[in-house]
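With the sequences and hints as input, model every part of the structure.
So you can see what is in the structure, the chains are spelled out below.
There are 2 protein chains.
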Amino acid sequence: MAQSPYQQLEQEFRRVHAFRTAASILRWDSAVMMPRGSSDLRGEQLAALETEAHALVTSPRVSRLLDRADANAQGLEDWQVANLREMRRERDHAIATPHNLVSRLAKATSRAEVRWLEAKQKSDFSLFAPHLEEVVNLTRNKASFLGKALNLTPYDALIDEFSPGLTTKEIDSIFTTLGRRLPGLIQDVIDGQAARPPLDLSGRITPSKQRQIAVDIMKTIGFPFDRGRIDESEHPFTGGAPGDIRITTRFIPTDPLSGLMGVLHETGHAMYDLGLPEAWRGQPVGRDRGMAVQESQSLLLEMFICRNRPFLRYLRPLLEKIGGVSGPEWEVENLYRVLTRVRRSLIRVDADEITYTMHIILRHELEKELLLGELKIKDLPEAWNSRIHDRLGVRPSNDAEGCLQDVHWAVGSFGYFPSYSIGAVIAAQLYESLRSDRPELDEEIAAGHFAGLFDWLRQNIYRHGAMLSTPELIQNATGKPLSAAAWVRYAEGKYLAD
Amino acid sequence: MAQSPYQQLEQEFRRVHAFRTAASILRWDSAVMMPRGSSDLRGEQLAALETEAHALVTSPRVSRLLDRADANAQGLEDWQVANLREMRRERDHAIATPHNLVSRLAKATSRAEVRWLEAKQKSDFSLFAPHLEEVVNLTRNKASFLGKALNLTPYDALIDEFSPGLTTKEIDSIFTTLGRRLPGLIQDVIDGQAARPPLDLSGRITPSKQRQIAVDIMKTIGFPFDRGRIDESEHPFTGGAPGDIRITTRFIPTDPLSGLMGVLHETGHAMYDLGLPEAWRGQPVGRDRGMAVQESQSLLLEMFICRNRPFLRYLRPLLEKIGGVSGPEWEVENLYRVLTRVRRSLIRVDADEITYTMHIILRHELEKELLLGELKIKDLPEAWNSRIHDRLGVRPSNDAEGCLQDVHWAVGSFGYFPSYSIGAVIAAQLYESLRSDRPELDEEIAAGHFAGLFDWLRQNIYRHGAMLSTPELIQNATGKPLSAAAWVRYAEGKYLAD
Chain A
1 MAQSPYQQLE
11 QEFRRVHAFR
21 TAASILRWDS
31 AVMMPRGSSD
41 LRGEQLAALE
51 TEAHALVTSP
61 RVSRLLDRAD
71 ANAQGLEDWQ
81 VANLREMRRE
91 RDHAIATPHN
101 LVSRLAKATS
111 RAEVRWLEAK
121 QKSDFSLFAP
131 HLEEVVNLTR
141 NKASFLGKAL
151 NLTPYDALID
161 EFSPGLTTKE
171 IDSIFTTLGR
181 RLPGLIQDVI
191 DGQAARPPLD
201 LSGRITPSKQ
211 RQIAVDIMKT
221 IGFPFDRGRI
231 DESEHPFTGG
241 APGDIRITTR
251 FIPTDPLSGL
261 MGVLHETGHA
271 MYDLGLPEAW
281 RGQPVGRDRG
291 MAVQESQSLL
301 LEMFICRNRP
311 FLRYLRPLLE
321 KIGGVSGPEW
331 EVENLYRVLT
341 RVRRSLIRVD
351 ADEITYTMHI
361 ILRHELEKEL
371 LLGELKIKDL
381 PEAWNSRIHD
391 RLGVRPSNDA
401 EGCLQDVHWA
411 VGSFGYFPSY
421 SIGAVIAAQL
431 YESLRSDRPE
441 LDEEIAAGHF
451 AGLFDWLRQN
461 IYRHGAMLST
471 PELIQNATGK
481 PLSAAAWVRY
491 AEGKYLAD
Chain B
1001 MAQSPYQQLE
1011 QEFRRVHAFR
1021 TAASILRWDS
1031 AVMMPRGSSD
1041 LRGEQLAALE
1051 TEAHALVTSP
1061 RVSRLLDRAD
1071 ANAQGLEDWQ
1081 VANLREMRRE
1091 RDHAIATPHN
1101 LVSRLAKATS
1111 RAEVRWLEAK
1121 QKSDFSLFAP
1131 HLEEVVNLTR
1141 NKASFLGKAL
1151 NLTPYDALID
1161 EFSPGLTTKE
1171 IDSIFTTLGR
1181 RLPGLIQDVI
1191 DGQAARPPLD
1201 LSGRITPSKQ
1211 RQIAVDIMKT
1221 IGFPFDRGRI
1231 DESEHPFTGG
1241 APGDIRITTR
1251 FIPTDPLSGL
1261 MGVLHETGHA
1271 MYDLGLPEAW
1281 RGQPVGRDRG
1291 MAVQESQSLL
1301 LEMFICRNRP
1311 FLRYLRPLLE
1321 KIGGVSGPEW
1331 EVENLYRVLT
1341 RVRRSLIRVD
1351 ADEITYTMHI
1361 ILRHELEKEL
1371 LLGELKIKDL
1381 PEAWNSRIHD
1391 RLGVRPSNDA
1401 EGCLQDVHWA
1411 VGSFGYFPSY
1421 SIGAVIAAQL
1431 YESLRSDRPE
1441 LDEEIAAGHF
1451 AGLFDWLRQN
1461 IYRHGAMLST
1471 PELIQNATGK
1481 PLSAAAWVRY
1491 AEGKYLAD
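Quick note, the sequences are listed as chains A and B, same order. Residue numbers for the first sequence follow the numbering used here, beginning at 1 and rising by one. Residue numbers for the second sequence follow the numbering used here, beginning at 1001 and rising by one.
To be clear, the hints were calculated from the coordinates, so they are not data collected in a lab. All clues given are correct.
The calculated label-pair distances, taken between Cβ atoms and stated as ranges, are: (1) B:Q1121 - A:T206: 36 to 42 Å; (2) A:Q3 - B:K1107: 17 to 23 Å; (3) A:H235 - B:D1231: 21 to 27 Å.
To give an idea of the chain A side of the interface with chain B (calculated C-beta under 7 Å), a few residues: (4) R15; (5) R36; (6) D226; (7) R229; (8) D244.
Virtual Cβ for every residue (Gly too), placed ideally from N, Cα, C.
Now the structure itself:
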């Protein structure tokens, strides 16, 4: 029997999925396994796979099939209708930017990334400035094309690539609330914590024992080691694809909990990926709902569940039994203080969950101004330094700990930064609903029972894949529109309570 | 400036290379890293990559460009002309078999491989027979299409896939000589060795120390660890691609040298791949010259160089220093006896280099008869058992150690088996020329100096890539046509001398 246009589209996007997941495994391999000198060949492989996936999505055949499927949508199920919408969304995003601009951006970001690393190592912004300028100019063009195609403002179009359905309006409203509340909160928390500083975790746990503890917890959580792995890499990430999920972390002998916290963060991502509807796998509607929701899942597990007392009651005996450590510094209360320490610091990736948002607000402001041309490239270092000082009371002594610290802009990821903090805000709102639906949560976590937590997430987040937009998904899960309120309640409750 | 048809072809084949090497890394990953439950997704990824590479090679665009490039070949260099010939060769092979038959074969072999494993585990040929029948029938069709397209006999067309330019005529002539000489040789060697049995290597070397020894030797040989890896897998193989070569082996605590011999075998393959001309990389003419030459390189290093006294003089101190073993059984002469022991045995992959060829001659005979319909599938087990008994004096007690031991036929690899023994014959002929050109070879190897060996191989084999056919390459390197004579001299000299 001849296949319907919709069925043919499913086949095409299944092939796209095969190319993309192959590329994802190869990127994992690059970070974890590949010999250092093999990056040229890998670059050619990834370019071939990504070009092919892009060619498939933007092919005239897919566009024709989309039109024909839309015209014959009456027999389709709801998820298939949503799948068509997501296919069109992908096609629209992929086709909006002229091929020539895509190619210029790829070359410019590839050059800029190399020069960024060099500039960061030498702490010399001038080496990076002309490359950033080129990337900003090209990104501005791209945003303008995308915005026209998607009927969004240019910056919103960039955000939409990462967190579908989210707009500057919502982000600015949330960031305004947080930006107003944070300075006082940070001061209060730091003052409070100064009165009861934690004991240092001086006992060492070898990386192999840290790994054993992490794997033990992942098994308890339900990470499927027959369809996933954990390895080490310089920067922790979640790679692969559902069916073959690969998380990485870094175990440091002198910092016995940072590797574990990295594992829990990535496991939050992985559980989301693994919980996506199996029946929709390989289809656009079967994917996660973008970076803000992804980040909500990693933060929910790491920050909300695990950097919290019930989890630490469960963790402590494991640290003793497997890690072989003991003493007052390993008591639950001290672990809690260590893991919730708030500090004014310069580096985003090392920041605690309270000051982190300040780092993000700064980047969000600056990247909008750069794209609008309101801030000149040459003025970026000073703008960065003075504003981080205004916000956090610390001033970078060089650009490596200032505006050169992140790779995002070099690789053209404008509109990405907000998803970190919007993810935290989503996590707080979900956590509030979760606790209200499941009053026994703390006891369950303390007993090492994670099934209730993940059932709730499966029910309210995972199983929806990309059916709903980001705001709809949150409204649907919590009964409320996305707002900063839950995060403020959470932060105050957790950090000012004792 | 517009690209010439030839330049456009180079670009197309570069993309083919990117897809194929990506698939090669993913196959390595499947064997070494992938979680067991992830094979479905991996199957989709590999199918997408292989389909794409096949589609590129067989595209009308490539055929048009080939015709236009052939018509404008006057400005091309020699290697580019050879590259055009190899491109056409690839296209001809790929296009000869109708798409429908390719797809039926893929499905049949995929089913047959699963049933073969089951049949082998249960030692029940009847479970496998109908699937083998289907694969043989489809392969017969394929061979007939290929033969017509390439102007070869059907079986020669299959051989040409694996070892370009080699034909049944040469193989049969070589195998007739060997088949006549081997029974007496085997008897004489076994009688001679019975008089001086080796001491058992009872001392154990842990896998991690075995690995250290292997890596030490690989470094000395010149394996580039910045563009290659060694790992463990159930079946040793060489994967990846030049620029990112990945060899595997298996280290067994109770068998301290088998893992190392596996490493040396695979390093022989890897050094060939790595020595292929860099300037031709990614092009058909830049590839190796097929399976027989590949096998000659692995056997030359493992059997001819390393299972030999000069290498063992170099190895022994490493075994003592890194492996921590000592005693009379670790003396050079005893190691040599252990590593050159000849036994009449049933399993090809465990066979020594002398009886191995008997296993291959048997398979070559049987697969020709199966394809010609002279041997019925149902009669295969008895034909196998009685002929291996006639040839080697041993009789399988079940089909698992008889006609079910190899996967090759299940996956449709007919015409592959000869390349193992033709590889040994090539190795012997190269080794004879090498020793004559380089009388100091034994001293160099005993001193751990491998540069002379690999310079000779680079000069005579590696640098030619796929410029010459298999027979031309050997004629060119040794000044003689391929024949069994050097192998017989080698075997007699090595195994009957003392």
